[in-house]
Amino acid sequence: MVIDTIIAISTPLGTSLKAIIRLSGPVAFRLVDKYFMAEGRTGSRKLKSRPAWSTLDGRIKIKNNILIPVTLYLMPAPASYTREDVVELHTFGAQPLLEMLLLHFVRAGARLAQPGEFTKRAFLNGRLDLTRAEAVLNLIRAGSEQEFRLASHLLTGRFASSVQAIRQALINLISRLELALDFSDQEIEIITPRATRNDLKKIISQINRLLKSARQQKIFTAGTLAVICGRPNAGKSSLFNQLVPDRQNIVTPIAGTTRDVIEGRCFFRQHLFRIRDTAGLDRSVKKQIASLACRINRLTEQTLPEANIFLFVLDGNRSLTNHDRNIFQKIIPTRTIVVRNKNDLPTKLTHRAIRRFFKNPSLKVVDISALTGTGLDRLKKMMVRLTQAPALTTRSADFLINARHEHHLDRAVRILKKTAAIPPSDIELLALDSRSALDEIGSIIGQTVSDDILNNIFSEFCVGK
Amino acid sequence: MRSSKKYDVIVVGAGHAGCEAALATARMGFSTLVLTISLDTIARMSCNPAIGGLAKGQLVREIDALGGEMGKAIDATGIQFRMLNTSKGPAVRSPRAQADKKEYHRYLRRVLESQNNLTLKEEMVEKILTVAETFRSPSNGRLKPSATSRNKATGVKCRSGKTYTGRAVILTTGTFMKGLIHIGPKKTKGGRINEPSAENISGSLRKLGFEVRRLKTGTPPRLNGRTLDVKQFRLQPGDQHPQPFSFSTKKINRKQIPCYIAYTNEKTHQIIRQNIDRAPLFTGQIKAAGPRYCPSIEDKITRFAGRTRHQLFLEPEGLNTDEVYCNGISTSLPADVQKKMVHSVKGLEKAEILKYGYAIEYDFVPAAQLQPTLETKRIKNLWHAGQINGTSGYEEAAAQGLMAGINAALKLKKQPSFILLRSEAYIGVLIDDLITLNPLEPYRMFTSRAEYRLLLRSDNADRRLMPYGHKFGLIKSKLKRSLDQKEKQIKEARKILSRTYYKQKLLSQWLKQPEMNWKKIAGRSPDLKKLRLSPGAQQQVTIEMKYEGYIKRQLNQIEKFKRLENKPLPGQIDYLKLTHLSREAREKLDRVKPVSLGQASRIAGVTPADISVLMVHLRK
Numbered sequence: 001m002v003i004d005t006i007i008a009i010s011t012p013l014g015t016s017l018k019a020i021i022r023l024s025g026p027v028a029f030r031l032v033d034k035y036f037m038a039e040g041r042t043g044s045r046k047l048k049s050r051p052a053w054s055t056l057d058g059r060i061k062i063k064n065n066i067l068i069p070v071t072l073y074l075m076p077a078p079a080s081y082t083r084e085d086v087v088e089l090h091t092f093g094a095q096p097l098l099e100m101l102l103l104h105f106v107r108a109g110a111r112l113a114q115p116g117e118f119t120k121r122a123f124l125n126g127r128l129d130l131t132r133a134e135a136v137l138n139l140i141r142a143g144s145e146q147e148f149r150l151a152s153h154l155l156t157g158r159f160a161s162s163v164q165a166i167r168q169a170l171i172n173l174i175s176r177l178e179l180a181l182d183f184s185d186q187e188i189e190i191i192t193p194r195a196t197r198n199d200l201k202k203i204i205s206q207i208n209r210l211l212k213s214a215r216q217q218k219i220f221t222a223g224t225l226a227v228i229c230g231r232p233n234a235g236k237s238s239l240f241n242q243l244v245p246d247r248q249n250i251v252t253p254i255a256g257t258t259r260d261v262i263e264g265r266c267f268f269r270q271h272l273f274r275i276r277d278t279a280g281l282d283r284s285v286k287k288q289i290a291s292l293a294c295r296i297n298r299l300t301e302q303t304l305p306e307a308n309i310f311l312f313v314l315d316g317n318r319s320l321t322n323h324d325r326n327i328f329q330k331i332i333p334t335r336t337i338v339v340r341n342k343n344d345l346p347t348k349l350t351h352r353a354i355r356r357f358f359k360n361p362s363l364k365v366v367d368i369s370a371l372t373g374t375g376l377d378r379l380k381k382m383m384v385r386l387t388q389a390p391a392l393t394t395r396s397a398d399f400l401i402n403a404r405h406e407h408h409l410d411r412a413v414r415i416l417k418k419t420a421a422i423p424p425s426d427i428e429l430l431a432l433d434s435r436s437a438l439d440e441i442g443s444i445i446g447q448t449v450s451d452d453i454l455n456n457i458f459s460e461f462c463v464g465k
Numbered sequence: 001m002r003s004s005k006k007y008d009v010i011v012v013g014a015g016h017a018g019c020e021a022a023l024a025t026a027r028m029g030f031s032t033l034v035l036t037i038s039l040d041t042i043a044r045m046s047c048n049p050a051i052g053g054l055a056k057g058q059l060v061r062e063i064d065a066l067g068g069e070m071g072k073a074i075d076a077t078g079i080q081f082r083m084l085n086t087s088k089g090p091a092v093r094s095p096r097a098q099a100d101k102k103e104y105h106r107y108l109r110r111v112l113e114s115q116n117n118l119t120l121k122e123e124m125v126e127k128i129l130t131v132a133e134t135f136r137s138p139s140n141g142r143l144k145p146s147a148t149s150r151n152k153a154t155g156v157k158c159r160s161g162k163t164y165t166g167r168a169v170i171l172t173t174g175t176f177m178k179g180l181i182h183i184g185p186k187k188t189k190g191g192r193i194n195e196p197s198a199e200n201i202s203g204s205l206r207k208l209g210f211e212v213r214r215l216k217t218g219t220p221p222r223l224n225g226r227t228l229d230v231k232q233f234r235l236q237p238g239d240q241h242p243q244p245f246s247f248s249t250k251k252i253n254r255k256q257i258p259c260y261i262a263y264t265n266e267k268t269h270q271i272i273r274q275n276i277d278r279a280p281l282f283t284g285q286i287k288a289a290g291p292r293y294c295p296s297i298e299d300k301i302t303r304f305a306g307r308t309r310h311q312l313f314l315e316p317e318g319l320n321t322d323e324v325y326c327n328g329i330s331t332s333l334p335a336d337v338q339k340k341m342v343h344s345v346k347g348l349e350k351a352e353i354l355k356y357g358y359a360i361e362y363d364f365v366p367a368a369q370l371q372p373t374l375e376t377k378r379i380k381n382l383w384h385a386g387q388i389n390g391t392s393g394y395e396e397a398a399a400q401g402l403m404a405g406i407n408a409a410l411k412l413k414k415q416p417s418f419i420l421l422r423s424e425a426y427i428g429v430l431i432d433d434l435i436t437l438n439p440l441e442p443y444r445m446f447t448s449r450a451e452y453r454l455l456l457r458s459d460n461a462d463r464r465l466m467p468y469g470h471k472f473g474l475i476k477s478k479l480k481r482s483l484d485q486k487e488k489q490i491k492e493a494r495k496i497l498s499r500t501y502y503k504q505k506l507l508s509q510w511l512k513q514p515e516m517n518w519k520k521i522a523g524r525s526p527d528l529k530k531l532r533l534s535p536g537a538q539q540q541v542t543i544e545m546k547y548e549g550y551i552k553r554q555l556n557q558i559e560k561f562k563r564l565e566n567k568p569l570p571g572q573i574d575y576l577k578l579t580h581l582s583r584e585a586r587e588k589l590d591r592v593k594p595v596s597l598g599q600a601s602r603i604a605g606v607t608p609a610d611i612s613v614l615m616v617h618l619r620k
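Protein sequence lines correspond, in order, to chains A and B. As numbered in the working numbering, residues 1 to 465 make up the first sequence, in order. As numbered in the working numbering, residues 1 to 620 make up the second sequence, in order.
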């Protein structure tokens, strides 16, 4: 039954310095062997021939000659947790690194594990006794529910609609191919070779565009987007640096707006946040001659509509102005935390004064000092409370799903490129390959069955004698 | 109760499903009784006078390879043969033929009448007779009932008052169970136009606990061929060299005649639109679901309002009749509207309508209540085949009839049942779809329903299925021997192709090129020439070479598919109590009660996580 080799990150996300990637299955050793370079003179021996439960330092070579330092833990069958060949890669807990490693091995032939799959295999292979069956079932259930919630959370917004559009384009193409096969005895618009080629080309570039933007951002749309806004000098940058501690590693500029907005990711209590700072804006416009209104408009256009929550930073020892009011008008009060900064200095603003100024008695306000870090914990707690997103746990963290998406999109493109080379008269082969591509897209947002295609045909075309 | 005569098998109905079922059981050695309302309507084509077509042609070839009669019948009575999709790859080529409707009926009646072990009787069945199953008590050797309710079919009771006892009962009721015919606002009870309906069988099934629902289908008017102005139509001739359906037919010798194509126009559409308030489909008079792939003309015009014309196929119903079938304008509009509508078509201005089109509603039994053998889950020794299972089409019906017949005979022989996989045959796809998807609108076969379409071709049905037919005694040894010979030739030819070079390229590579044919290839290798491959074997080798990479890929997929297919799910699992399954999965699994993990995985709403839960549960 079990034949493929599965892979997953088996340490909690974003919380530890060290992380473990685990592979289990018949080709686990072979897959790692292919890309592993041992340190020192131990060199050429195959992993399989090394003693069980041994460890090995070295590096994994992935594409573009990137070398990732790892320690291998070798657990050949049956002395492993799953009773299959298991290899663990211990490495640094940096997200981009883990993501790269994971994708690398998935491309090499491993499959991303389903919720609870390691434990399920352990059970099916007799490693766990019958009394544990219930626990295994719970794990599968909980995992799949969480994945579902996470997926539906993730699959809202731009990413989802792009994937949906790709799927529909593919279904339309396949429908027309199938129409040419299953209804050719009737008067129907048969798809022309040129139309097939154009459609394929269009879909390929659609997917490529999505992949490109996804890769640039390094993130899809996961996590809660918290936008920091406020007047110049209120302390937005300092707050950003406090919330996103490891800035060097994870801050990624957003495509096209590099100078204006920067974004970082962080975890509070298992919740993923993307913190977006609008600090860059201040610096750049200082040099330009632009009105405040213009700046705010630009900010609004680019960032505010996407925000899930707002961190509105005020300078605690300066009085409120019309600038503040203008900004406040652009944001959604119920999803806003007013951050009264600089409480290390003498304060001029009471909470009451703030609420009165903005004419909103239920406004949430928190005091912090971005300089010393006081009050940050309370802010984080409030942020978590305000977010609607589910918590992320060990298994199915968002970037795991992202890696999965990227993988399927990647495969779809590769299949479609091959499809485009098929002679246009071989419609049955074009249909077969386009369907494989659709299956890949389907792995992201739900399978497509032959009935869906037939339904599409019946609703789009007048068939039937 | 009047005395009842005993048979091994009772087949109710003698349509396309009933004929195949009865012939299979009789040929497999069991005394078989066929009960039909009228002997003059055996194998009647209620709708269009044609057999085969896209995906359906593949079904007929499969029926033939298993030892069914349909292919031979159409070969003997066809009046226009066409191979469809010849411009596309061999995987999607399908034979189709116009039948001489009367001749087709006469042919099958003759075959049934001359079949050993087979008795025909005119009877209308009213009730399925059942008992509670018994077992012999180990303590005193007496028979005791093992179930609390009646769960085993023993025969049928007819309107004449007679009862017939059978160890197996096969129901093939077509559109006759509570058939209701609609022409405009007029409603008439009937199983077909001018034929009575069977009013009581479905009630008897309901009493036994079956869920019974309704479906709808329709048919167009028939015209008098002498009143058509054929010069106005586009001629649609048959193939120059008609290709037979049956693997045992050498050549088609009958006279061939053409069909014609005409078009509706804006005037036709206007007539329909003006009278749409008299169309039972739109007034709410018809509630049941009809086939979306075969919509009525009023439906086409409403849903695709932008189209200025629709195609009409004028198909002669035989050589010795003037009746012409008007394919494309299936309708239940009132007679006066049908007349105006027909006369608005160019070339049909003076057409005389011989029979008006009509819609018919009928009872069917949703197929999730069946096992993969087509035996019902609820009542043992009762099989359902054909439209009673929610399908449409002569070919779909015949395929089910044959499978029900074979499985009934195997059960009487106490032999393992015969289930075709989705990877083996369109018949496998058909039955798996029926029992898994539980379609609630008429189900028709399409090639796009088959995952392994490149392997399930009409040209290789003999290689896929004839060994089974032979094993059951439905295929003569002579035919099987020629298949073995063909297989041998194919194997040898492939060997030579894969080791002989011509201009530094393997012959197998040469054969893949589109401009190549067998003659040219054979000219490059004396060994190959010496083999004297039959045309059939040449075709097989050429096709297999063309598709080679794809076939390999599909075979790999089949390996994976079979792993789940071979994991049986015991019938007694109480899915409703498996709380780790999602709620949707619990309900769907409980309804379908799949026989394997593979079938479970194809149920809409059952996720990979649910399959994982089932796997763990099976180990508990």
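Just so you know, the hints here were simulated from the structure itself, not pulled from any lab data. Check each hint, because a few of them may be wrong.
Stretch-level coverage of chain A by chain B, calculated; a stretch enters the list once three of its residues show a Cβ under 8 Å from a Cβ in chain B [unchecked claim]: (1) 132 to 138; (2) 229 to 237.
Think about it this way: if two alpha-carbon atoms lie no more than 30 Å apart in a straight line, the pair counts; the simulated DSS-like pairs of lysine-lysine are [claimed, not checked]: (3) 377(B) to 207(B); (4) 207(B) to 267(B); (5) 552(B) to 201(A); (6) 202(A) to 88(B); (7) 201(A) to 512(B); (8) 417(A) to 560(B); (9) 418(A) to 88(B); (10) 34(A) to 552(B); (11) 418(A) to 377(B); (12) 418(A) to 121(B); (13) 201(A) to 88(B); (14) 417(A) to 339(B); (15) 560(B) to 418(A); (16) 152(B) to 187(B); (17) 505(B) to 418(A); (18) 417(A) to 121(B); (19) 413(B) to 121(B).
In this text, a Cβ means the ideal position worked out from N, Cα and C, and glycines have one as well.
Taking the hints in turn, this is what the structure says about them:
1. By the rule of at least three residues with a Cβ nearer than 8 Å to a Cβ of chain B, the coverage given for the segment 132 to 138 of chain A holds, with 4 such residues.
2. With 0 residues having a beta carbon nearer than 8 Å to a beta carbon of chain B, the segment 229 to 237 of chain A misses the requirement of three or more and the stated coverage is violated.
3. A hinted pair counts as satisfied when its Cα atoms are at most 30 Å apart, and residue 377(B) with residue 207(B) qualifies at roughly 15 Å.
4. Proposed proximity of residue 207(B) and residue 267(B) is contradicted: the alpha carbons are some 50 Å apart, above 30 Å.
5. Pair hint residue 552(B) plus residue 201(A) holds up; C-alpha atoms about 27 Å apart against a cutoff of 30 Å.
6. For a cut-off of 30 Å, the pair hint linking residue 202(A) to residue 88(B) stands: about 24 Å separates their Cα positions.
7. The suggested pairing of residue 201(A) with residue 512(B) holds, with an alpha-carbon distance near 26 Å, which does not exceed 30 Å.
8. Between residue 417(A) and residue 560(B), the direct Cα distance comes to roughly 25 Å. Compliance with the 30 Å bound is thereby established for this hinted pair.
9. Restraint check for residue 418(A) and residue 88(B): satisfied, since their Cα atoms lie roughly 19 Å apart, inside the 30 Å limit.
10. Annotation: proposed proximity of residue 34(A) to residue 552(B) holds, straight-line Cα distance about 26 Å (limit 30 Å).
11. Proposed proximity of residue 418(A) and residue 377(B) is contradicted: the alpha carbons are some 46 Å apart, above 30 Å.
12. The hinted pair formed by residue 418(A) and residue 121(B) fails the criterion: a straight-line CA distance of about 60 Å is larger than 30 Å.
13. Note on residue 201(A) and residue 88(B): the hinted pairing holds, with a Cα-Cα distance of about 22 Å set against a maximum of 30 Å.
14. Only pairs whose Cα atoms come within 30 Å are accepted, and residue 417(A) paired with residue 339(B) is rejected, the gap being roughly 54 Å.
15. The suggested pairing of residue 560(B) with residue 418(A) holds, with an alpha-carbon distance near 23 Å, which does not exceed 30 Å.
16. Among the hinted pairs, residue 152(B) with residue 187(B) is inconsistent with the structure: their alpha-carbon atoms are about 36 Å apart, more than 30 Å.
17. A threshold of 30 Å between alpha carbons decides the hint, and for residue 505(B) with residue 418(A) the separation of about 24 Å falls inside it, so the pair holds.
18. Proposed proximity of residue 417(A) and residue 121(B) is contradicted: the alpha carbons are some 62 Å apart, above 30 Å.
19. Taken as a hint, the residue 413(B) and residue 121(B) pair is honoured in the structure, with Cα atoms around 25 Å apart against an allowance of 30 Å.
When each numbered hint is compared with the structure, violations occur for hints 2, 4, 11, 12, 14, 16, 18.
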